[in-house]
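Quick mapping for you: the protein sequence lines, in order, are chains L and X. Take the first sequence: its letters are residues 0 to 180, numbered as in numbering that gives the first Met the number 0. Take the second sequence: its letters are residues 0 to 166, numbered as in numbering that gives the first Met the number 0.
Source of the hints: derived by calculation from the structure; they are not laboratory data. Note that beta-carbon positions come from the ideal geometry of N, C-alpha and C, so glycine has one too. Treat the hints with care, since some could be wrong.
What the hints assert, rightly or not - A partial selection of chain X residues facing chain L, derived with a Cβ cut-off under 10 Å: (1) Glu86; (2) Glu106; (3) Phe125; (4) Ser127; (5) Ala132; (6) Gly137; (7) Thr141.
To be verified - Think about it this way: if two alpha-carbon atoms lie no more than 25 Å apart in a straight line, the pair counts; the simulated DSS-like pairs of lysine-lysine are: (8) L:Lys94 with X:Lys60; (9) L:Lys79 with X:Lys56; (10) L:Lys96 with L:Lys116; (11) L:Lys177 with X:Lys60; (12) X:Lys48 with L:Lys96; (13) X:Lys60 with L:Lys96; (14) L:Lys79 with L:Lys177.
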Amino acid sequence: MLCLPFSRLCRQVCYCLCRRILWRGRIRPARMYRNGRPIDSEFHQSERLFFRCKLDAVFEADQLKPASVRFPDQSVNREKYGRCRDVLLPDESPKSKNWILWGVARIHVRDIPTEAKSSGGVAYQFAVEHDPQEDNYAHSELRVYKNGQREQGGKRINQQIKKEFRTRLALSARVIVKPLI
Amino acid sequence: MSTIAALSTDIIERDVAAGERPLPERSSWLRQDEVNNQATAVTFLQDRKEWLLAAYKKLSKLALLEADWDSYGAEAPTRDSIDAAREILRALADAELEPTSVDPSAEGGVCLSFQRGGRYGDIECFNSGGILAVTSTGPDDTNVWEIERSSVQLGRALSRIRTFIGW
């Protein structure tokens, strides 16, 4: 087991080397860019979805804390078009930060609850949808539909439904790259 | 006793300082929070509830979080949610129920969680003012319920979580 400062240094050095040598000075590898590729709505049940997390968001035994899960519209990267560590790479927007020392959590598509009904009888459907960005083709989102209409922002979603979804999702997730900060 | 005395002096000095010069709104309540946290912490230090002191310190840190702390656009905890979490921590201390962790919520607020083996429970105080609790043994066994901000309801929720977790 490497000590934490050494692990941090190793990860940063790896990123710098990849950037300078493999990616020819770009902040992301060429495979991450969309380059005109279409939306792919097909998700296999065993496909893995990745998102980043900090040390604070993880219990011992690599269990993700439900408090760290956002819903709806949690951004994830799909395995089919990327690698787990892609979610740690900065993007080209001025607001972007370097997340290279953060960790990566994964869930399977089959772990996402498909539907739920509130005590008032309102039906909610949940889905992961491919939402490619120009510099991140694998980008996808966990979305919610209320009576067939997409709900964005979460203000009009039953709080108990949201909490149940977040808890179920977090308890299905595993941290596969240890956060170092 | 020296630690307690030092904390008490510090609190008094901060109290006086806070009264002498007006502070911007957020800074003001952060300062007051720190005073409240330390005042309660002094009381409980005498009872050797060290976890409570750590939890209050964590709350003070959460009050300093800025929006987008999770890089996915999460709101920072508001004063209301931090106040609610502090109230619950007091109740937890009375009930001798120590949370596993105190964390910011990606939905905006503060979450006090409990974990033992495969059993999980939490109480989440939202910026909106709502409080929800959950118990779960896994994705297929999750129960969520709402808690009103009353000592009776909170007591029931703590009792339910304690029984579920097995403490």
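Does the alpha-carbon distance linking Lys94 (chain L) and Lys60 (chain X) stay inside the 25 Å limit? 23 Å, holds
Satisfaction of hint between Lys60 (chain X) and Lys177 (chain L), Cα-Cα up to 25 Å: 23 Å, holds
So, as I understand it, the hint says Phe125 (chain X) touches chain L; can you test that by seeing if any CB pair is closer than 10 Å? 7 Å, holds
Agreement of hint Gly137 (chain X) with chain L interface, Cβ distance less than 10 Å: Given a least distance of 6 Å, the restraint on Gly137 (chain X) holds.
Take a quick look at whether Lys79 (chain L) and Lys56 (chain X) sit within 25 Å of each other, Cα to Cα. Answer violated: Lys79 (chain L) to Lys56 (chain X) is near 42 Å, above 25 Å.
Can we keep the Ala132 (chain X) interface hint, with Cβ of chain L closer than 10 Å? Holds, about 9 Å.
Need the status of pair Lys96 (chain L), Lys116 (chain L): alpha-carbon distance at most 25 Å? Given that 25 Å is the threshold and the Cα spacing comes to 38 Å, the pair is violated.
Lys79 (chain L) and Lys177 (chain L) were given as a pair; does the straight-line alpha-carbon distance stay at or below 25 Å? 22 Å, holds
Hey, does the Glu86 (chain X) contact hint survive, CB to chain L under 10 Å? Hint violated; Glu86 (chain X) Cβ to chain L Cβ min 18 Å, cut 10 Å.
Taken at face value, is the distance from the CA of Lys96 (chain L) to the CA of Lys48 (chain X) at most 25 Å? 38 Å, violated
May I ask you to test the interface hint for Glu106 (chain X) with respect to chain L, counting a Cβ-Cβ separation under 10 Å as satisfied? Where the cut-off is 10 Å and the nearest Cβ of chain L is about 7 Å from Glu106 (chain X), the hint holds.
Taking only the CA atoms, is the gap from Lys60 (chain X) to Lys96 (chain L) under or equal to 25 Å? Measuring from Cα to Cα gives roughly 21 Å; hence the hint holds.
Comparing the model with each earlier hint shows violations of hints 1, 9, 10, 12; every other hint is respected.
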